[in-house]
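Q: Each chain, letter by letter, is given below.
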Amino acid sequence: MIALEHYIAVSSLLFSIGFLGVLFRKNTLVMYMCLELMLNACNLGLIAFSRFHGGMSGNLFVFFIITVAAAEVAVGLAIIVALFRKRQTVEVEELNALKD
Amino acid sequence: MTDIFFYIFSMLALACAFGVVFSRNTVNGAMFLIGTFLSMASLFVLLEAYFLAVIQVLVYAGAVMVLFLFIIMLLDVKETAARKANVYTWAASLIGFGILIVGVVAINSADSIKTQAETLPEAQGVSLKNFGYELFTTYLLPMQVTGFLLLIAMVGVIALSKRLDSQ
Amino acid sequence: MNPETYAYALLAFPLLSATAIAFCFRRSGAVASGVSVGAAALILATALHIIFKVENFEYSVSWIEMGSLNVDFGFLIDDLAKLMLFVVAFVGFLVHVFSLGYMKDDPNKARFFGGLSIFMFSMLGIVVANSLVTLFIFWELVGFSSYMLIGFYLDKPSAAAASKKAFITNRVGDFGMLIGIIMAFSMFGSLNLTDLSDAFGKDASLLETAGVTAIGLLLFCGTVGKSGQLPLHVWLPDAMEGPTPVSALIHAATMVAAGVFLLCRTGFLMTFDALTVITWVGVATALFAGFTAVAQRDIKKILAYSTVSQLGYMVAAFGLGSLAAFHGNGGDHAHMGEAVVTGGVAAAMFHLTTHAFFKALLFLGSGSVIHACHHEQDIFKMGGLKSKMRITFWMFTIAVLALTGFPMLAGFFSKDAILAVALEANSAAFYLLVFGAFLTAFYMTRLWIIAFLGEPKSENAEHAHENGPVMTVPLIILAVLSVIGGYVGFYPEVVGGVINAIPHPDSAAHTTILIASLVAVFAGYGISYFFYGAGAKEDRLESAAKPLHTLLAEKFYFDHAYDWYVAKVQQRVASILHFTEQIALAGLIIRGMAGFAGLIGIGLKALHVGNIHVYVYWFIGGLALLWALTGIF
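Chains as they are written, first to last, in the numbering used here: chain V, 12 to 111; chain P, 4 to 170; chain A, 1131 to 1763.
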């Protein structure tokens, strides 16, 4: 019997993996993809809760998350492109102008 | 029967996630991410949220990842070399990993997520009609705001993408 | 109408007048003077109404409630208050009218009348106050008005110095008074005058305790400051820098009498020891001021020292009368509540009333003289004014006779009452006070002879002429009161509570007193006439006994002593404190804390390395902390 704990375990593991990806990778684009992974893990968790505790609010929240994440990706990628035009790099370690 | 599907798809999702994180080639990473999304869509189906599963495939795997691939190819990202990890990076990474694992286990063993009900309540994500109804009554304001948000995002992207001649 | 409405109106009139002048009429002196005199007239009308038509009452409304501290604002109108109210309102009105003439040519008279109005407000507040706290508040306000009016002439640095001296000396006295009020509150839990007197009425053994003695003496400190007793008398003579109507109203008739009024109000809590101290301070002041007045040249300074001396008489009367009541009851404290209140209180209040009349007359008369002689104040530059200013001369003469205690005039009866209680309580004090009467007669006659008789000694005196009716009519009214004010029958029944308690000595004592006072007074007249003859050119006493004269002229070197104290002792203490403040407070604590905040800032700045991964690690750290706090771990 697949209970809530299993889904939550999967969700948390996916979240952790995404987080580690953000930690380990230097390329901005890959970091961004890992961020999307984290968002999806949250979606899974929300839907699991919604399913096992009844009610629609979890599903609707996921609906909104997907919408907003799409918009966010568009804007974030536009920023990365603009940054690339200016600095000619997408390596995070080179983008440290805000240091002092 | 559904249990086996759960295990298959969750393993698949985890494996693709590892692939995203550890792949050298960025395009490979993007493909692995698409794989993750598809597995998660299947998990959504297992959780009887059919509409959301389809939305996930359409929006995420269909539009967002395509956009990602466009940008990857536009920026012509090269393969990353193997990074030289010094001691500090390893130590910090292991500590971070440890904290996350402990967190995951702690969440899982918390009482609040143990299901008490013998029988599951009726799945409500099944009918699209419910979805639409809720969206236009209880969650009307968030929906309208999200509409505005998309408009603003579009305007923002256009503004950010213009070449600044004066620079 | 409720009785308290009249009391509120009494306070409202001068307050509104002062506010209106302060905000609207600063420039237009004529309007301001009209408003102020109008307010004074309304005050007089209301006061007369309260005195004659309103029964004695007490009214209070809860004002501050903080835990166990309940301060009420209210009015206590009894016979004592009514008598004082009459004095303040009547003399105040006459002085306002006189000021119309005296200040006519002064460009700043709007400020003057504003100050007079605020003074009336504060003084009336003291008179009608029903609790020590509200009395103290108005007490301080009176000190402020006095400061403002003494320093009225902004271009005279001596006036500014005098106003500062007055305020600071008052403050020293008020500090003691405040401690006394706090002690009274801690001992009795309430500061309402009726509550306190009830507490003493119930339990007369309270009068034995040292704590109550302390309270009495501390409250007396306020009187020492405000009424110019030794050693805080130094401000009164300097306060003559203010315009003469101010001296007449504030520093002769009303404000300085507020100290005596306070004693009378709190008479029920004076113990035997406290009363002894009060008596001797009063006697010492009376003699000291009398001696000093003998050697002064400025007409207003002579009158100022005369005021100090008479205040000493009032304070001594209060002390002696209350002591006599102690003796009279043979130590029976059970009836102390009623007897002590009336004997000494009545004598002091009687002398306060008569003194207000003739001292105000003296000051206004001197103001008239000064105005006519173009602001010449040295008596050795006046002379021969008898023929030039007839009305002023005769009114002044009446006042001098009344002050010195010429038989059948007001001062005679009030001094008699004081000497009666002195004889009964303490014969040493009696003889000293008789000597004081001799001194009073001596220096007042000296003043009268030199200023008015003989030949004019200077140009200004040559050209002196009488002033208009605005300035002479108040003199006449006050002179009439100085004559008839001594007769008990003059006072209406409404203030009978005080008047009926004036001590009347029995026949044997009465003869002694009569003879002693008459001998002293006429000896004073005679010896003074001998020394100064008809118009002496310079002070014969000075040439006769130079060292003694210098001692007296320098006011027993009191001012010099205070100056030395401030310069040497106080300045050094202030320097030490300044040094400590610079090092410890400003340096260590304030700049130290600023530096500490700066250090934290620098530390936090080091965290911003610009490397995103480091930030993400901090993120994990924060996440772990949150988990720990919520108990997931």
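Rather than coming from a laboratory, the hints here were simulated on the basis of the structure. Hints may contain errors.
Only pairs whose alpha carbons sit at most 20 Å apart, straight line, appear in this in silico SDA-like list of lysine to any residue [stated by the list, open to error]: (1) Lys97(V) with Gly1740(A); (2) Lys37(V) with Ile1742(A); (3) Lys81(P) with Thr100(V); (4) Lys132(P) with Ser68(V); (5) Lys1286(A) with Glu1506(A); (6) Lys81(P) with Ala93(V); (7) Lys81(P) with Val92(V); (8) Lys37(V) with Tyr142(P); (9) Lys37(V) with Gly1740(A); (10) Lys37(V) with Lys1516(A); (11) Lys37(V) with Met146(P); (12) Lys165(P) with Leu94(V); (13) Lys165(P) with Ala82(V); (14) Lys1332(A) with Asp1304(A); (15) Lys37(V) with Lys1332(A); (16) Lys165(P) with Phe95(V); (17) Lys132(P) with Met67(V); (18) Lys1516(A) with Pro1586(A); (19) Lys165(P) with Met67(V).
A short list of chain P residues far from chain A (calculated; beta carbon distances all over 12 Å) [to be verified]: (20) Glu51; (21) Asp79; (22) Ile102.
One-sided and incomplete, this derived list gives chain P residues near chain A with beta-carbon spacing under 8 Å [what the hints assert, rightly or not]: (23) Ala94; (24) Ala95; (25) Gly106; (26) Ala109.
These figures come from a predicted structure and were not determined experimentally. We put the beta carbon where it would ideally sit given N, CA and C, even for glycine.
Q: According to the definition I'm using, a residue is off the interface if its beta carbon is farther than 12 Å from all beta carbons of the partner; does aspartate 79(P) meet that for chain A?
A: Since the minimum Cβ distance to chain A is about 22 Å, aspartate 79(P) lies beyond 12 Å and the statement holds.
Q: If you draw a straight line from the CA of lysine 1516(A) to the CA of proline 1586(A), is it 20 Å or shorter?
A: holds (10 Å)
Q: Going by Cβ atoms, does glutamate 51(P) stay more than 12 Å from chain A at every point?
A: holds (29 Å)
Q: Using Cβ atoms only, decide whether alanine 94(P) comes closer than 8 Å to chain A, and label the hint accordingly.
A: violated (11 Å)
Q: Given the hint that lysine 37(V) pairs with glycine 1740(A), test it: the Cα-Cα distance must not exceed 20 Å.
A: holds (13 Å)
Q: Compare the distance between the alpha carbons of lysine 81(P) and alanine 93(V) with 20 Å, and conclude whether the hinted pair is satisfied.
A: holds (18 Å)
Q: Within a Cα-Cα threshold of 20 Å, do lysine 37(V) and lysine 1332(A) meet the stated pairing?
A: violated (92 Å)
Q: Check whether the Cα positions of lysine 81(P) and threonine 100(V) lie no farther apart than 20 Å.
A: holds (11 Å)
Q: Are the Cα atoms of lysine 37(V) and lysine 1516(A) separated by 20 Å or less?
A: violated (112 Å)
Q: Decide if the proposed pair is consistent with the structure: lysine 165(P) and methionine 67(V), CA atoms, cutoff 20 Å inclusive.
A: Between lysine 165(P) and methionine 67(V) the Cα gap is close to 41 Å, so the pair fails against 20 Å, i.e. violated.
Q: Does alanine 109(P) pass the interface check with chain A, least Cβ-Cβ distance below 8 Å?
A: holds (4 Å)
Q: Does glutamate 1506(A) lie within 20 Å of lysine 1286(A) when you go C-alpha to C-alpha?
A: holds (16 Å)
Consistency note: the structure conflicts with the earlier hints numbered 8, 10, 11, 14, 15, 19, 22, 23.
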